[in-house]
Structures are given as structure tokens and as C-alpha cells.
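Chemist: Here's the letter readout for the chains.
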Amino acid sequence: ETGVTQTPRHLVMGMTNKKSLKCEQHLGHNAMYWYKQSAKKPLELMFVYNFKEQTENNSVPSRFSPECPNSSHLFLHLHTLQPEDSALYLCASSPTQRLGGNEQFFGPGTRLTVL
Amino acid sequence: QKEVEQNSGPLSVPEGAIASLNCTYSDRGSQSFFWYRQYSGKSPELIMFIYSNGDKEDGRFTAQLNKASQYVSLLIRDSQPSDSATYLCAVTAGALNFGKGTSLLVTP
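Line by line, the protein sequences give chains A and B.
Using my numbering, you'd call the opening residue of the first sequence number 1 and step up by one each time.
Using my numbering, you'd call the opening residue of the second sequence number 1 and step up by one each time.
This is chain A alone, in the form it adopts within the complex (with noise of 0.2 Å):
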């Protein structure tokens, strides 16, 4: 495997479910980035770790809960999600947070929607 690599690529689910998104980054990075993608809206940062420690959450509802056990590892977890949270959802990774490392490589993406 090489880059950023994402599971699953779609699902579905209920509002009632649980589920996972996983990422995993094959660059050797210390930085990694959960971003939602709705349509005709621009890309909204959801957590960024940065060497396993979250550094940023923008004011994600709690439903979201990222987990990252080592710095190739994202998780996202899901719980009692809503028809709007309905998106694609994205990994990132980089080098660093820091200028002139912060330059990002995105995953393919789950395309996520909620019944």
C-alpha cells in the first residue's frame, strides 16, 4: 500500500449505529487530518493530530470521536449520526504542522450517508 489509504469507501448506516473510518498513512508523516466534504460547501477540518496528540478540534459535535493510536492510525468513530452529516469524509496526512512541512496528501475518501 502507498499514500493514504481509507476504509470503508462508502456506507451507510443508521442513525442509531455505531461505525469506524479508518486511515492509514504510508509517508511517514507525523501530522493527520479529518475533513468533511458537503456538497457546494467548501472542505471543513474537523481534528488534527499532530505526532498521536490532537491539536485541533473545530468544533465537531460529540457524535464524532477521532482516535489516534500512532501516527499512521486515524480513526473516526461514529455514533447517533444525522441525515446531514451525510458527506465524504476524508484523511489527510503531512510531514508536520509546521510551515514548510504542512503541505497535505488526501485519502480517497468514505462517502458516508445516513439513513
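Treat the hints as calculated values from the structure; they're not laboratory data.
For each residue, glycine too, the CB sits at the ideal point set by N, CA and C.
Listed below are several chain A residues computed to face chain B (Cβ distance under 7 Å; list not exhaustive):
hint, residue
1, L45
2, N102
3, E103
4, F106
The calculated DSBU-like cross-link candidates involving lysine-lysine, where the alpha carbons are at most 30 Å apart (straight line), are:
hint, chain 1, residue 1, chain 2, residue 2
5, A, K19, B, K42
6, A, K41, B, K42
7, A, K18, B, K42
8, A, K19, A, K40
9, B, K100, A, K22
Here the structure of chain A is known, so what remains is to put chain B in place on it, guided by the hints.
Modeler: Frame of chain A, contents of chain B only:
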């Protein structure tokens, strides 16, 4: 509110022409500037980044930055139909802020 503004388009150019994509940003403290290309149904792909005022060239792509005017642009020379995509401008002074993107259509 830190904003990144792009014309949504679509911007239509004939094959072989120069496509010019523009982006303005509101945060004067921004330090890093990125251009991503996103094909329909795919994730964004980094194509250029620029940190200093002036021009930066990479193949058919040129990024231009003017911090005084808070303006960054992307020029695509010899445009090809395969360049048809949405181009996202991203700016950071910390967290990366994305514009909504400009849709580019290169017609044969």
C-alpha cells in the same frame, strides 16, 4: 472568520490555451498557499504550493503569490482536456482553510 474566496466557475478554455485561476484570502497572517486539483468523485490532489511572493513554476503550472494584495493564482499553460477538474485553493496560518473551488473545463 478566515475566508478563502474563489470564483466557482465554470471557467471554460479551449485546448492549448492558458487557464488562469484566482484566489483571495482574508487572513493577512497566512504563510502557506496550496493548489489542489479534484476530479469528480475523487479526493483532492496537491499540485502546487508556494510560500514566498512571486512566481513558482512546475511544468505547465505556475503559482503566483502577492501577499500585499492577499491574492494567489494558478496558471495552467497548454491546457488539456485532462485538466478539466475543480481546483481548490488552500491557505494556512495554522489550520488549512479551503476555498469552494473553481470548476475548469478544457474543451477540445
